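> Residue numbers (the numbering used here), protein chains in the order written: chain A, 979 to 1268; chain B, 638 to 940.
Everything labelled a hint here was simulated from the structure, so no lab data went into it.
Just so we're clear, the structure is a prediction, and the values are computed from it rather than from any experiment.
Glycine included, every Cβ here is placed at the ideal spot set by N, Cα and C.
Heads up, a few of these hints could be off.
[Unchecked claim] To be clear about the criterion: a stretch of chain A counts as covered by chain B if any three or more of its residues have a C-beta under 8 Å from a C-beta of chain B, and this derived list gives those stretches: (1) 1030-1041; (2) 1064-1076.
[What the hints assert, rightly or not] EDC-like cross-link-like pairs, simulated, lysine to aspartate or glutamate; straight-line CA separation at most 20 Å: (3) B:658 <-> A:1181; (4) A:1069 <-> B:906; (5) A:1103 <-> B:672.
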Amino acid sequence: MSCIEARGVFKSYGKTTALNGFQLSVGEGRILGLIGPNGAGKSTALMAMLGLIPFDGSLKVLGLDPWKERGALMEQVCFIADVAVLPRWMKVSQALDYMGGVHPRFDRAKAEAFLARTSIKRESKVRELSKGMVAQLHLSLVMAVDARLLVLDEPTLGLDILYRKAFYDSLLNDYFDGGRTIVVSTHQVDEIEHILTDVAFIDRGQVVLDSSMEGLETRFAELLVGPDKADAARALNPIHERQVFGRQLMIFDGADRKALAKLGEVRTPGLADLFVAKIAPRFDMKGRAA
Amino acid sequence: MSSLDADFATAAPTAMTAANKVRPFYWSLRRELWEHRSIWIAPAAVAALILLGYLLGSFGLPRRVAQAAAGATERVMLPYAVALGAAFIAAALSGAYYCLTCLQGERRDRSILFWKSLPVSDRTAVLAKAAVPMVVQPLAVIAIVLATHLAMLAWGTFVMLISNNNPGPMWVHGFPGFIWAVMFVGLPYLALWHAPVIAWLMLVSAWARRATFLWAVIPPVMLAVMERMVFDTRHVPEFIGTRLLGGLAHVASTGGYGQVPVRGFRDIDLTRMLSDPNLWIGLVLAALLFEGAVRLRRRREPN
């Protein structure tokens, strides 16, 4: 059974279309990275999946309609939408009490065990914690819930690199067990690349690329080619090209790797480069810079 | 921040435990009381001030008790009534402020994204918030006023004794039993009577991005002004006035018109209070407004 099944989801705010036929299918046990430029509709898509906003079209999460069945859905889904949404007046001990009081699948001992590895004190209020510690606290609360789906919307925005790394390491080592599904959206593509099993690029309210990480490796290739063979490489229709240290770096979609290998060094492109290749053309940076 | 807790990343998961017994309404209410302590601190602080005034003015107590024994009980009863009235007004003001903030504040500080990530329905959340002014505050005021009155009685007994007077007449003629009766009947009654006002304020809180006070006050006032200009009638201000003060008139005066204040047990007339159709009209209106607040909370995004 697929965990998230979105077909033709539309959502607009006044004249602005945020989701324009959003289409996505996420299987159980996957870790999906939702990647897109600012204003692409990532947060809107996640909010629709979590039953926070009404939408048009068909969207099922764990077989439930998120808008109509949010209460039931939230017993099996956890999310961290944005950093620092924990109420600032709340004490850590109150957060633990409250979670245990309203969530049937919250394991307080587990949350305490996670917190014991941080410098967060039970009696501290959220407002007294640093931004990184608030993120640690929220993650500790969320990881102590035995949920089937965890949704993270820019969970590490504004945190320093050490906290970001600890956050994702913790998520992968302590939480992910192959049965749970995780959907994460972030701008820091390169930092989450290694934990993902699937990736979806979203642009202007639509999914423009939806693939497993293995699928990316077979489909896309990155070629580093010297100026002498650049024209021959261009004949193979790269989707993106830029200069790196006097050589050309080109990204190909569905090209024959053997043919490319004759022209230069072939690798699998990183997510960040691929993201730029797929999304950048409409931004037309070169034209404006010239 | 000491260390970055590298081993935060290596916390070992513990064994799964059985599902918790959940009480979403109870914990939603607890959470409101954690955040909004002014709803009981304000009346408690005001009652403490009244008590202080009583202590400072207690040298006149033997004279007032003598007057009460002769039949004029007003002056000896006044401090008890003032303590009740002042605690009620403080609770009403802090309660109105609470109603205007409770649904807007969680959107403003974005904590709504945390509350909504938990299996608590919007209806439970809104009802728990409504229970603060309708249930918690009346109980808090009763407890605060009883404590204040008992402290006054104890201090009064002490003052009578050290001034070589018999404290007996104070307990006979200056005992606030009838004020307690008014309070026990009146505060729950007022909570019901004011339900539509509470619901209106919460609806505005669920709807307005900012300036909740202005949104709560200006539209009804404008409606009243327009009605006067167009039809030259006053139904809107009368309707609003009844919602705001009609309950108080029932509780504090005979006949429900605010003319003759209640003076004894015989003036408390439950049949008259409950048979006023305005009470029931208000409750129906409150149910509609609360339902609107639930729907708005469901739809509204953080601002």
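> Indicate, hint by hint, whether the structure satisfies it.
For each hint, the structure was consulted:
Taking a C-beta to C-beta cut-off of 8 Å, the stretch 1030-1041 of chain A contributes 3 residues in contact with chain B, enough for the three needed, and the coverage statement holds. Counting residues of the stretch 1064-1076 of chain A whose CB lies closer than 8 Å to any CB of chain B gives 9, so the stated coverage by that chain holds, three being the minimum. The hinted pair formed by residue 658 (chain B) and residue 1181 (chain A) fails the criterion: a straight-line CA distance of about 43 Å is larger than 20 Å. For the suggested pair residue 1069 (chain A) and residue 906 (chain B), the alpha carbons sit about 46 Å apart, so the restraint of at most 20 Å is broken.
At most 20 Å may separate the alpha-carbon atoms for a hinted pair to count; residue 1103 (chain A) and residue 672 (chain B) meet this at roughly 11 Å.
In summary, the numbered hints that this structure violates are 3 and 4.
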